[in-house]
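Undergrad: For reference, the chains in residue letters:
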Amino acid sequence: EPEVTQTPSHQVTQMGQEVILRCVPISNHLYFYWYRQILGQKVEFLVSFYNNEISEKSEIFDDQFSVERPDGSNFTLKIRSTKLEDSAMYFCASRTGMRQPQHFGDGTRLSIL
Amino acid sequence: SQQGEEDPQALSIQEGENATMNCSYKTSINNLQWYRQNSGRGLVHLILIRSNEREKHSGRLRVTLDTSKKSSSLLITASRAADTASYFCATEPLWRAGGTSYGKLTFGQGTILTVHP
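Respectively, the protein sequence lines represent chains X and B. Counting from 15, one number per residue, gives the positions in the first sequence under the numbering used here. Counting from 11, one number per residue, gives the positions in the second sequence under the numbering used here.
It is worth saying that the hints were derived from the structure and are not from the lab. No false leads were slipped in.
27 Å max Cα-Cα, derived DSSO-like pairs, lysine-lysine:
{"no.": "1", "chain 1": "X", "residue 1": "K92", "chain 2": "X", "residue 2": "K56"}
{"no.": "2", "chain 1": "B", "residue 1": "K36", "chain 2": "B", "residue 2": "K79"}
{"no.": "3", "chain 1": "X", "residue 1": "K71", "chain 2": "X", "residue 2": "K97"}
{"no.": "4", "chain 1": "X", "residue 1": "K56", "chain 2": "X", "residue 2": "K97"}
{"no.": "5", "chain 1": "B", "residue 1": "K36", "chain 2": "X", "residue 2": "K71"}
{"no.": "6", "chain 1": "X", "residue 1": "K56", "chain 2": "B", "residue 2": "K36"}
{"no.": "7", "chain 1": "B", "residue 1": "K80", "chain 2": "X", "residue 2": "K56"}
{"no.": "8", "chain 1": "B", "residue 1": "K66", "chain 2": "X", "residue 2": "K56"}
{"no.": "9", "chain 1": "B", "residue 1": "K80", "chain 2": "B", "residue 2": "K36"}
{"no.": "10", "chain 1": "B", "residue 1": "K80", "chain 2": "X", "residue 2": "K71"}
{"no.": "11", "chain 1": "X", "residue 1": "K71", "chain 2": "X", "residue 2": "K92"}
{"no.": "12", "chain 1": "X", "residue 1": "K56", "chain 2": "B", "residue 2": "K79"}
{"no.": "13", "chain 1": "B", "residue 1": "K66", "chain 2": "B", "residue 2": "K80"}
{"no.": "14", "chain 1": "B", "residue 1": "K66", "chain 2": "B", "residue 2": "K36"}
{"no.": "15", "chain 1": "X", "residue 1": "K71", "chain 2": "X", "residue 2": "K56"}
{"no.": "16", "chain 1": "B", "residue 1": "K79", "chain 2": "B", "residue 2": "K66"}
One chain only, chain X, in its complex shape (with noise of 0.2 Å):
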């Protein structure tokens, strides 16, 4: 069965550093989605991406993070600046349709110093 794939599985990273996560999804998916979850809370929404553009961001989305779907398989979030607080597993998510389930990776785990 098609998987979302993450890589790297985790990330080790210097406050202030520039990170990037990145995802495949499955190849007929046309909606992507990163969330996060920080250890012992819910899973977050951060951003949706569809038709090369961001179609909706939550407020944790500031100008320090980026998404980009540079080729026609993978899709990538950036930090720019790194906080301790953006330690956190990030999920990617993606889906073929509005009405379909959305499909998760296994995530990154994102470790800043």
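Following the hints, complete the assembly by docking chain B onto the known chain X.
TA: Below, chain B without anything else, positioned relative to chain X:
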């Protein structure tokens, strides 16, 4: 309470018993989805129930939705040790004509289910 609140927060049962988890939400929804998360892993989609549906089954899973009470329940019958995980409900808001709701999911805190062999 917040959108998508589950109860109980933790549930411990013996193998073979049924497990029921509840979810309440506040705003109008297009659909409600249930996910499972094994420790340290990703979210696995279980069932999507649309706002015009009242009940849905998938294998040992049964989901109900009561939009008048803004609540849903997930029943796992004949539980197994492998069902041990966290279970989350997630709501997708009602699509607004000309609006920008592209599927943002709002998750609850989750129910931690432990099934003892």
